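Protein sequence lines correspond, in order, to chains S and F.
For the first sequence, the residue numbers in my numbering are 1 to 582.
For the second sequence, the residue numbers in my numbering are 1 to 278.
Just so you know, the hints here were simulated from the structure itself, not pulled from any lab data.
Worth double-checking, as some hints may not be accurate.
[To be verified] Selected chain F positions facing chain S (in silico; Cβ < 10 Å):
no.	residue
1	F15
2	K49
3	T52
4	A56
5	P57
6	Q70
7	A74
8	D75
9	I80
10	A88
11	R92
12	R104
13	G107
14	L108
15	H153
Quantities reported herein were computed from a predicted structural model and do not represent experimental measurements.
We treat Cβ as the ideally placed atom computed from N, Cα and C, and that holds for glycine.
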Amino acid sequence: MVELTGPESVPGSLPPIPASTQLLAVAWLRWRIFVNGMFRKRPNGNRQIAGMVFATLLRLIVWPMLALIVVGPVAASGFFAWMAISQGHPQSLASLLLGIALLWQFVSINGLSIAATIPTFDPASLVRFPLRFGRYFVLRSLLGLMTPSTIVGCLAVLAAAVGIGVANASLALPALVVMAVYALMNIYLTRMIGAWMERWLANRRFREIFSMLMALFAVSIQFLNLQRNPMRAHGTRSSWIIAVLHSSGSYLYWLPSGFAAQAILLVKHPLAAVAQFAGLLASTALFAAVFAIRLHKQFLGEYLSEGAARSVPVQSAPREKAPEPEPAALSSPDASGAIFSPTVTACLRKEWFILRGNGMQLIGLITPLMFVVIFGMNRSFSAITSKYFLPSAIAYVLIAALSSLYNIFGADGRGVQLYLLAPIRMLDVVLAKNLMSLAVIVVQVGLAWIIICVLARAPVPISMQIATALWTVFVVAMNLAIGTLRSIQAPRHFVPGQARQLRVSPTNRTSALLVLAVLFGCMVLQIPVAIASSYLKLPWLAVWVFGPLAVAAVFAYALILRSAERLIFAARDVFAEELCKA
Amino acid sequence: MTIPAIDATALTRRFGDFTAVDNVNLRVDAGQFFGFLGPNGAGKSTTIKMLTGLLAPTSGSIRILGGDLQANSADIKRQIGVVPEGMALFGRLTADEYLQFVGRMYGLDRATTLNRTRELLEFMQLAGEHKKLIADFSHGMQKKLALAAAVIHGPRVLFLDEPFEGVDAVAAGTLKSMLLRMIARGATIFLTSHVLEIVERLCTHIAIIHRGQLVAQGSLDELRAGAWRVGRPGIQEGVVSLGEAKRSLEQIFLEIVGADREGNPAATAPEQELSWLS
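Given only the sequences and the hints, what does the whole structure look like? Please build it.
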């Protein structure tokens, strides 16, 4: 056995730790986590390699689309900045910069910052090391810079500087300097909002209120958009949002975007330009200071979770004598005349308790329906496409609802060990979970259906209704089949409603992409059928196509369900390991 | 008068309406192997988190090695080592990478970090696993790694929250010998454990916390003799007769936290309860 050497120096008389040592150590840590996450193979066998190949293929399809999402705002930013200067509308620059800032913050708050979701590294955990607050602040400012919102935001700001420089070369240098500070201001604004949101979101009630507010905000924007910019007028009117930004020009000059724009445009009046630049610097410092106040509390050991509050001892209820178990009734539904076996009933009850205590799931259920109401209320929209509005709206409602089918064990975490150890059939557990998901989908689709039928200007043809119903059965059954397979072979542990996991999807990314691929595949299938139906004047054609498909999908699901026991047994190592992670 | 290694005064932590730690006074002298005991939910981990600067107390003061923890947290953290409740390892690193990171964060130079990493991995019998991700380690291996990380910088005070939980007997023996060696070299160890035999064998001084309040504090002999200091201001050293002078720590613990005098916890439950159990 190795003999450990003693400490080489007396602690207390140690020289100070250089900042570069600690900062480089954290940079190295971050790099190793990234490299190990990307390239190090986990000992899980061939199935995971197949999954990686599949995920890579899916990403090859999705990433170009994401690249377009990046290129769009960046190119638009550069173009509008160039246009504002070269075409003599310099006041538009402030509007453009405000637009960039709003989009940047909105995307960040919505949690699209994928790089920040790596569950193996929480920057707050660095407080246990002997860091001085200044270093902690620097680290927290730097960590997480490689998020999509920050990258796109910085590129958009840089593009704006380039656009200004191309339009007027004498403004190039001040534009670059000012835009660099403007990007920093946005970074600290994001950090400030993020840090305070994290504090507030530690409270479950606030999380629910916040989710509701975000949903309402999104719904309100859509509502206003459709009211101010109806379907038929698209392309003939400029966006009302841009109009609002233009009309509020005089107020914008009191915002950081106004300071930045004026600091560039008033470059021929150095004193005024410097004053505006000082305003921009002051806003940046203000956001950094508010961020630092929050970080300092965290640094001193602030407690954010609600966990301890829940550990308050509760008075135990008067105990009733437990009924004698009836072994014969454990697995057979026939004994009591019930539809489902006791296992299915018990699992359904458990799923119901979780569902009713999850306010955010309720919000997720209502939000798509509100969008359906808004689109349905739009007269021009429903008049043109009322015939196809029903299948489109049902497909829209299904997008969010179907993802829950792809990780049915995720919220159970270590609880799955009970299923694996108990003398029960896994088929019953899977069936119960799918039944609960199905009940939610049926309620959601049913409500959407009623909304559309009430709001549609012309009655939806019965052939369309039956075809849509069959298509829905086909899509749901197919997703149930694939989702059950994915739930068993690629489960992912998640904690519903936990603050730090708010930005983590309950499904893994491959499954999330798969949901979209399957759903869009099914939607694309509708198009040739609809065209053929219209061209051949066969209104019932869709019924004849989707009827057999629905039966086939239900049959496929039944096959998967029957194999659940065997599939879980075959994948039990990955299944248990992945779900039992802390 | 010697400076205590740990000196907590009127330490209190509230979570909303719930008081997890209530007015606790603790004094641990340098070189002591100090056991901090209590039933589940008594406030042990909360106390350790406050003593190591991971959780701010609602009120009270903490001095570690004579320095105020709040005012000099970076300097004090440099002189302490912690194995926290959840171990707080980075699962996507290897053991080797993790120890190197920790060493650098504590200001060790590169060569010393590499040497100590190698030594510790061999000592903890993790050298063969240095290429494996920590996430793939067993619970016991993670515990050993957390302990290695806690001592890599040679701390003067070591805080251990359940260090032997999930560790096999061979590894536990290795850890115990290492801890005793640290004590022999003048370090102070503050340990929580539910394994009372280990505490009894290792610790020279013990405190017991129950429902957030410190209900006993003293040397093992003082506790055995039925005398302990109740660490609350205004209450002087008290002597409570426990009958026999020579009791095991388990009997003392059960007496203090409220089980029956025979040390038989099952007897406290009403007879009719769990009658269906065979």
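Structure-based check of all given hints:
Taking 10 Å as the C-beta cut-off, the interface hint given for F15/F holds, the closest approach to chain S being about 4 Å. Evaluation of the K49/F hint against chain S yields a held restraint, the C-beta minimum of about 7 Å falling below 10 Å. With a cut of 10 Å, the hint placing T52/F at the interface with chain S holds, because the nearest CB-to-CB distance is about 7 Å. With 10 Å as the threshold, the beta carbon of A56/F comes within range of chain S, its nearest partner Cβ sitting at about 4 Å, so the hint holds.
At about 8 Å, the closest approach between the beta carbon of P57/F and any beta carbon in chain S falls short of 10 Å, and the interface hint on this residue holds. Below 10 Å, beta-carbon pairs count as interface contacts, and Q70/F has one with chain S at about 7 Å; its hint therefore holds. Nearest Cβ of chain S to the Cβ of A74/F: about 5 Å, under the 10 Å cut. The hint holds. Checking D75/F against chain S: minimum C-beta separation of about 7 Å stays under 10 Å; hint holds.
For the restraint placing I80/F at the interface with chain S, the shortest Cβ-Cβ distance is roughly 9 Å, inside the 10 Å limit, so the hint holds. For A88/F, the shortest C-beta to C-beta distance to chain S is roughly 6 Å, which falls under 10 Å, so the interface hint holds. Evaluation of the R92/F hint against chain S yields a held restraint, the C-beta minimum of about 4 Å falling below 10 Å. For R104/F, the shortest C-beta to C-beta distance to chain S is roughly 4 Å, which falls under 10 Å, so the interface hint holds.
Evaluation of the G107/F hint against chain S yields a held restraint, the C-beta minimum of about 3 Å falling below 10 Å. Using the Cβ-Cβ criterion of 10 Å, the hint placing L108/F at the interface with chain S is satisfied: the shortest such distance is roughly 9 Å. Below 10 Å, beta-carbon pairs count as interface contacts, and H153/F has one with chain S at about 8 Å; its hint therefore holds.
Violated hints for the displayed structure: none, as all numbered hints are satisfied.
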